[in-house]
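*Asks:* Quick mapping for you: the protein sequence lines, in order, are chains A, B, C, D and E.
Just so we're aligned: 1067 in the working numbering is position 10 of the first sequence, and the numbers increase by one with no gaps anywhere.
Just so we're aligned: 1080 in the working numbering is position 23 of the second sequence, and the numbers increase by one with no gaps anywhere.
Just so we're aligned: 1301 in the working numbering is position 244 of the third sequence, and the numbers increase by one with no gaps anywhere.
Just so we're aligned: 1093 in the working numbering is position 36 of the fourth sequence, and the numbers increase by one with no gaps anywhere.
Just so we're aligned: 1261 in the working numbering is position 204 of the fifth sequence, and the numbers increase by one with no gaps anywhere.
Simulated from the structure, these hints should not be mistaken for lab results.
Among the hints, a few may not be true.
Identical copies go unnamed one by one, so any copy, or any two together, can satisfy a pair.
[Claimed, not checked] With a straight-line cut-off of 30 Å between C-alpha atoms, the simulated BS3-like cross-links for lysine-lysine are:
no.: 1; residue 1: 1314; residue 2: 1255
no.: 2; residue 1: 1244; residue 2: 1255
no.: 3; residue 1: 1367; residue 2: 1236
no.: 4; residue 1: 1244; residue 2: 1314
no.: 5; residue 1: 1244; residue 2: 1367
no.: 6; residue 1: 1236; residue 2: 1114
no.: 7; residue 1: 1255; residue 2: 1114
no.: 8; residue 1: 1367; residue 2: 1314
no.: 9; residue 1: 1367; residue 2: 1255
no.: 10; residue 1: 1114; residue 2: 1367
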Amino acid sequence: QAPVPPEDALRTAVAQGGFVWLGLYEPTETELAAIGNRYGLHPLAVEDAVYAHQRPKLEQYDDALFMVLKTATYVAHEELTATSEVVDTGEVMVFLGANYVITVRHGEHSGLAGLRVRLEEQRELLCLGPASVLYAVADLVVDTFVEVAGAVTDDVDELEASVFSPERTDDIGRLYQLKRELMGLRKAVGPLELPLQKLAERQIDVVPDAMRSYFRDVQDHAIRVRDQVGGLDELLSSILQASLARTTLADNEDMRKISAYAGIIAVPTAIAGIYGMNFEFMPELEWRYGYPVVLLVIATIVLLLYRGFKRNGWL
Amino acid sequence: QAPVPPEDALRTAVAQGGFVWLGLYEPTETELAAIGNRYGLHPLAVEDAVYAHQRPKLEQYDDALFMVLKTATYVAHEELTATSEVVDTGEVMVFLGANYVITVRHGEHSGLAGLRVRLEEQRELLCLGPASVLYAVADLVVDTFVEVAGAVTDDVDELEASVFSPERTDDIGRLYQLKRELMGLRKAVGPLELPLQKLAERQIDVVPDAMRSYFRDVQDHAIRVRDQVGGLDELLSSILQASLARTTLADNEDMRKISAYAGIIAVPTAIAGIYGMNFEFMPELEWRYGYPVVLLVIATIVLLLYRGFKRNGWL
Amino acid sequence: QAPVPPEDALRTAVAQGGFVWLGLYEPTETELAAIGNRYGLHPLAVEDAVYAHQRPKLEQYDDALFMVLKTATYVAHEELTATSEVVDTGEVMVFLGANYVITVRHGEHSGLAGLRVRLEEQRELLCLGPASVLYAVADLVVDTFVEVAGAVTDDVDELEASVFSPERTDDIGRLYQLKRELMGLRKAVGPLELPLQKLAERQIDVVPDAMRSYFRDVQDHAIRVRDQVGGLDELLSSILQASLARTTLADNEDMRKISAYAGIIAVPTAIAGIYGMNFEFMPELEWRYGYPVVLLVIATIVLLLYRGFKRNGWL
Amino acid sequence: QAPVPPEDALRTAVAQGGFVWLGLYEPTETELAAIGNRYGLHPLAVEDAVYAHQRPKLEQYDDALFMVLKTATYVAHEELTATSEVVDTGEVMVFLGANYVITVRHGEHSGLAGLRVRLEEQRELLCLGPASVLYAVADLVVDTFVEVAGAVTDDVDELEASVFSPERTDDIGRLYQLKRELMGLRKAVGPLELPLQKLAERQIDVVPDAMRSYFRDVQDHAIRVRDQVGGLDELLSSILQASLARTTLADNEDMRKISAYAGIIAVPTAIAGIYGMNFEFMPELEWRYGYPVVLLVIATIVLLLYRGFKRNGWL
Amino acid sequence: QAPVPPEDALRTAVAQGGFVWLGLYEPTETELAAIGNRYGLHPLAVEDAVYAHQRPKLEQYDDALFMVLKTATYVAHEELTATSEVVDTGEVMVFLGANYVITVRHGEHSGLAGLRVRLEEQRELLCLGPASVLYAVADLVVDTFVEVAGAVTDDVDELEASVFSPERTDDIGRLYQLKRELMGLRKAVGPLELPLQKLAERQIDVVPDAMRSYFRDVQDHAIRVRDQVGGLDELLSSILQASLARTTLADNEDMRKISAYAGIIAVPTAIAGIYGMNFEFMPELEWRYGYPVVLLVIATIVLLLYRGFKRNGWL
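Just chain A, with the same shape it has in the complex (with noise of 0.2 Å):
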């Protein structure tokens, strides 16, 4: 079959009795506009659909859906630093008419072209229509948060094991950078749920009944990533507080450490400086065993202080 030109899609496939999939990688506002006139799309969503840093959502109009969903992925790194991005994210935005089904693509997101192939396999699925194409980007989508989360909580344990290390180790940046990067996450995921659940629940037009067992299955999984998050999240700020209050501790204990060392040497500096004073009758300094008697006495104090010290968890 000859490729189709946009412009006679529609037309073709309801004739044909199927549907037109259309879709765009951060097209223009005039592209998209024109594509809007022909498929009648409100204008408030076109607009909302070529500015991307938009929330998830989901808006009804009289005989179609518009779905914006946010998109992540997980940034490999060699090493978690204070800068790192962890979490790219990007957007993908989706009219759905009774005959058509709009996808628009905002930032690198790769696998929305594994889609097609996937879909196509699935064929008892797409033949519930333009909805099947909204599940599987939905379903697609919270698959990745699925994995993204599923790599920050790695992150996440590596930093746990880092702080609990005995070894002395700068981890606030990294904590904030994780905090913040799931911050983005949460902002992706969140605002799904409600979305995806009126489209479980909600009679809603160009959704068949057939498909609403589906998109609850994606709302679980959505569920299910925003609680691993917020546990996420929680821990992140527990490890914080374990990892600071091990540090200053361990900080607390160098310098008591330290003084008590140098509050021990003072004592030898103390005693000698007593017979270095040039005083002409000190009877002491003419005896024959002075000098040892003395070095004896600050070794016994050193000693003393020493092991009175080390009962006191001093050094």
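Fit chains B, C, D and E to the known structure of chain A by using the hints.
*Replies:* Quick look at chains B, C, D and E alone, frame taken from chain A:
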């Protein structure tokens, strides 16, 4: 067409099938009361409109709406200090009836003039009646929120960079200042959501059905700003925490280094003190190489301590 | 018109188409029980009205309302200290029936007298029946909240200035005190919102429909105060955090400076100690310029250390 | 009238138009099961009533109610320590049917005996049937909460005074202990609110309508206690924060003072060290007034340092 | 009766008026799919049942229920360390139809075998159909939660004792570990509440009405565990805070003592230094009792300092 005196405006407008738009700037109570009498505004609403420091709200009277919006402007500044005012807020009140719309401005708020020009270009919107003016005002106000939130985001990014830079910077005052400014922004944005939702969802006489999706669009933007502001606030808390943690750890390290260094210095002092004692019988003093040997011993101990402290992470 | 004894008041008032307003100040149980019998008040409400320390609430009985309000007054004070009482609270209870209104005051609360004068000037309000008195009381109470919140805001601003001033000030006690006072204010304002909302929205026999927008106005003010108090509380937490952070950092800096200075002083001590040793063969001691050279060496080292420490930010 | 054996109680009571009130103290499972069979109690409720450590709840069975209440007693103590038990909790379960009420007590809880005496004086209340006993129990339980909360408030006030007193006190253990005790009280009070609300608002067969405002009164008291306990908890957090802040600052000040003083002492040591060197050519040593001049120099430096440190706030 | 092959089980059971109970342990996808086909399970539910790491939920399909429960076991350990796994979680999924119940277990979870024995003793429960198995599973799972929560409570008590003991202990790692384990338990308990509530309150085809109060009982236990876990979590936070506070204060005290002691030692050093100077004209040096007088002066100053520091609380 000759300008119509305000007193006749309503009659003329109704006669011509149009509506009146009155724009007032900080009117006195008597001025507004006079207008209120002519247009049948509720006395409590008139009182609210005279005195600023209201919170955003929407009130429905029999055949009229009264809406309060807080506006925000970002105050450009050379450098963020602990006292710099970042967000400046004003207020706009709107009375909306079947044939009239009255806007009352408080505080300096540029752009409401540009609003009239903008609206006159969108004739199809103006045709929807006075509610289109309410929409335009709300849209403009939320747009300025978006701008302010963006500018504050830049400030937060700058602070973040400063906190994680290796230099020692005093960021606490600035962090506090930003937090406080965000609080002001939140007060302007937060309570606006519910009124906009009512305008978008509820059946209201003076708001034509066709206007609802416009208000939903504004509500959507308001939610986005609210989320952004909430995220910034959370981020600031994390930055503050990280900043404190880093500074404390750096301070501890400094103290440890200084103390360790002083501890090392104490060793030659003590040893030299021993050989500065004036005992008559101190055989070492008469040795030919006593002096260089002691110097060597001191140097060795100092070196060993230095290496030990280095290995401990104390220096 | 001759004063009517309380016993006959109700009958006289009903006969003349008016209503009775009884104002009581801390009545005993028997006094109030007597009045309660005559006016048919519910025994549990009477009991509540006798004992103060109620929380704000609205209770509906068959044909009567019982409302408890907490009042607040700002206690002027020369200087804010850790023990100064800032907010003083009292209570007003109101019984509202078809033909009567009974107000019971607890604690010192000026202004309920001025209330009667004010109300008598607003004849059109009084014509709406006894509910107008309830409105006037609620309005007055919330107005005093607004005043108190304003005064506390000034206190917070003063504290903020003190915390961020370069001087070392002890603000913790004062911060705690303000926090505690705010807690008292919050207890008075918070639970008032729901009763006011009920009065504004619900169909209640003894409250004429025309009064509802008045109660909505009061509710609106109460929400504003609640928001303001909530904001102040949040601000105080931030100020406390910032105050602690600043003081800790300043303390650390002081310690670092003192230690660094002591560390520098240790150097001449050590070097001088070396040349204070009594070895017989110390060639430097016999050099012609040994002494000035050593002084120079000491001065050089001290200077280098000083500059190094300065560069490190240790001094 | 002769005492009626429990077996015949119900029949006798119904015959005489009265009701049975059985009071049990920690019955065994078999004892209670026997009674449960006779009175038709639900087996799950019987099981719950045998084992303590239930949480407060209200369960409705076909023609019966089962309510669990936690009781609290304040344990008087000489002095608040980190281990003193402040709040002691027990449990009361109530089975309520059309003609009977069965109370089961766990733990030491004085006063349920006094309850019967009290109730028998209020004949008009008892006439309302077995629900009046449930009311009396709930009222008594909440009254003890009020008492306990009052006593704990005194403890908190005492702690507050101790924290803000100028002496150095160790309040952390005690703060923690009170916090923990409050948690126990909260567990007893919090879940009680909903059951009481149900009793006050819902149409329940075994609770006559006239009893509802009584339960509303109890609910009101429970809310007040919950608010009070919540406030105390918040207060304790603030006190802990303030206590830590104050102690840390005081500790820092002590360290600063000690270090500054040690720093001053280091100056004469260094200078004296210089003149303790054994160089042959040190002209100052031969000066007639070298010694007093050096002493003067030392004294001057020490004085200047002392004044400088004072001005810096270091001493 | 001869064992029936799984393929015929359903037919045989229905024919005999009974039901089938299939128990599977970590089945493969194909195994479960085969069974799913025979019993008409929903493919999405089958997929969920194969892969563990689901969250507790209840899903209703046309004529079947699918429930996921997380199980928990307390891992006994010699001593609580920072890495000891305390709570081990597994999963049980239950498919419930009119004539069958299928349980799928993941992870090690003892006791589900004992379940069958227990159930077969309670014949009257089994007579209520397959829902009784779901109840028994849920009851067992929640019972293990109760046990685990009890064991963790003991751990918390132990930690608490350790924190408030006078010895210096490192509890941070253990506190963190318990917090993390509690998080795992919370994830298992929290989401279970809603499904149980649905089973207890909602009209569901495959759950006979008589079973509802049983599920309410389980829900009640789940709520109790949730409250207990929440309380433990709060307690851990308080303990951590108290632990940090106590350790910090103890550390500060140690440092203060060491510094004060070093400060005292500095005094004889300085004075001895003075009399160690080599000036020619130092009259004190030639005094007969110069030496003992200086020793006395030193001893006096040290004693005075010692007493002053004691009084200051520095020693």
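*Asks:* Against the structure, test the hints numbered earlier, and report the numbers of the ones violated in rising order.
*Replies:* 1, 3, 4, 5, 9 and 10
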